[in-house]
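Chain A is already provided as a structure; the job is to place chain B on it using the hints.
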Amino acid sequence: MMNRLWKIVDLVKHMERHFMNNFFGHPPKELAAIYVHQTYSKTAPTKKYSLKDLIGDGYLMAVPKFRRTVEKRWKRKFGSPDYVWKMIVPNKNIKVCQECGHHHELGRLCENCYKRIENETKLIKDKIVEKLGNSPIDKEVVILYENEAPEQKSEFWNGKRIVEMKKERPSWFSKNLLQKSTQEPSDSKDVKPIDLA
Amino acid sequence: MNQADVSKLVSKLRIRVPAEPRKLRNIKGPEGRIDKLRKTVTGLIKYERIELNSNRGQEARQYAERLISEAIRHGDCHKPTMDIADYWLLEKELIHKLFKVLVPRFQDSNTCYTRLLNAPRIIHSRNPDKVILELKGNPYPVLGSNKMNNRFLIQNVLLDAAKYDYRQAKYAEFAKKIVNKEEKIDTTETEAPSIEKQQSDDKLTQS
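Heads up: the sequence lines are chains A and B, in that order.
Our numbering applies: residue 6 is where the first sequence begins, and numbers increase by one.
Our numbering applies: residue 9 is where the second sequence begins, and numbers increase by one.
Everything labelled a hint here was simulated from the structure, so no lab data went into it.
Everything numeric in this text was worked out from a predicted model, so none of it was measured.
Check the hints yourself; a few may be wrong.
No farther apart than 27 Å at their CA atoms in a straight line, the calculated lysine-lysine pairs in the BS3-like style are these [to be verified]:
1) A/Lys120 x A/Lys136
2) A/Lys144 x B/Lys16
3) B/Lys54 x A/Lys165
4) B/Lys16 x B/Lys144
5) B/Lys47 x A/Lys130
6) B/Lys189 x B/Lys178
Here chain A stands alone, though its shape is the one from the complex:
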C-alpha cells in the first residue's frame, strides 16, 4: 500500500519537474551563485571533528589490522600434516576378514566374527557359572552340546567336569579344535628332573 503511494508521489514530482523545466526553463545561473554564496558563508559548521561524535556512548572493538599470510590461511583451512591434518585421507589399515568377508581394522578382531563368538561365549560362561556355583573348582570344564555323545575314550573324562549346553553346536564352532586328544598313561620309566635348582 505504502509502496504504491510512494510511487504515485514520485510520479507527481517527476511530472512537476518535467513541466517546470520544459515550460519555464532553468533558473538563471547568477541567481544560483548568489544563493550558494549566501548559504555557505552563513551555515558552514566551524565545530572541530572528534572521535566522540562518532562513538557516542558505545565503544570500539579490536579489528584485524593486517591481512593474514597465505601460510596461515592455508594452515587454518587444511591443517598441518605433522599435527592436525584436516584433509580426507584414505584409511589404509583395513583388512578383509578371512572367515566372514567383513572389513576390520588391522590388528583388531573382526567385529562380525567377534559378536558371534561373544554371544556364544556368554551363553557358555553363564552355563558354567550356574553349574559350578560356589563349590571349589578342581576340574577342567568340557562343553558338550546337544546330541553330542561323549566320543572320547573313558580316560579323557577322568579329571573333567562336563557342562551341557541345551542347544545344537553352532556350525562355525569346530569340535576338533576344542580339546587336546587324550594322553594315555605312558609306560616309560624315565625319571623327571627334581631338585635341579
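Only chain B this time, still in chain A's reference frame:
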C-alpha cells in the same frame, strides 16, 4: 632325559613388561588401583575370558601371569605363594582352581598363559580401546585370526606336497599317453603306404 628345562628353572614372565605402568585412574589412589586389578585378575581366573579397557587389561595380565607362574613354580604347599593367591583371588574357590586346574594345564607350556587381543573399535567413537583378555586352553570358541591360510602350517605343507605329487603323476600319465599315440601313428603311417603301393601295383598290372 634328566636335564632341566632352563625356562622352568628361571622365574621369568613370558610376556613383555613395559618400563612404566599404565595409568588406572582411581579416587582411592594406588590402593584403589590394586583393588581394581585384584578384581580383574579374579574375574579372569573365574571366567577365563573377559573384555576390559585396554590399560586395565594390559596391567592385569601381568599380575595374572605372575600369579600362575608362581603357582606352577612353588605349588600349593608353599606358604608365600598361598598368601599371594589368597590376596589376589577374591573368591576363595578360585584358589582351588588355580592349583588344581590351571597349574596342570600350564605346567608343560613354554609360552605365556594368557592371550590379549584387541577388540573391534567403533570408528569415530570416543569409547576407550577395549581388549579381550583370556586364559589359554579355555573351553570357548577360538578368537582371533584363522591361521589356516598360513603357507607354513604343517597341514598346508603336506597338502602342497600331495598336490605336487598328484600333478607329477598326472603329467607322467599324459606324457605316456602322448608317446603311445605317436608310436601308433608311426606304425600306421609305415603300414599304410605299402597297401596303397600294392593297390597301385595291382591297378597297373590290371591296366
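**Report entry** Ascending list of hint numbers which this structure does not respect
**Finding:** Of the numbered hints given earlier, the structure breaks none, since each of them holds.
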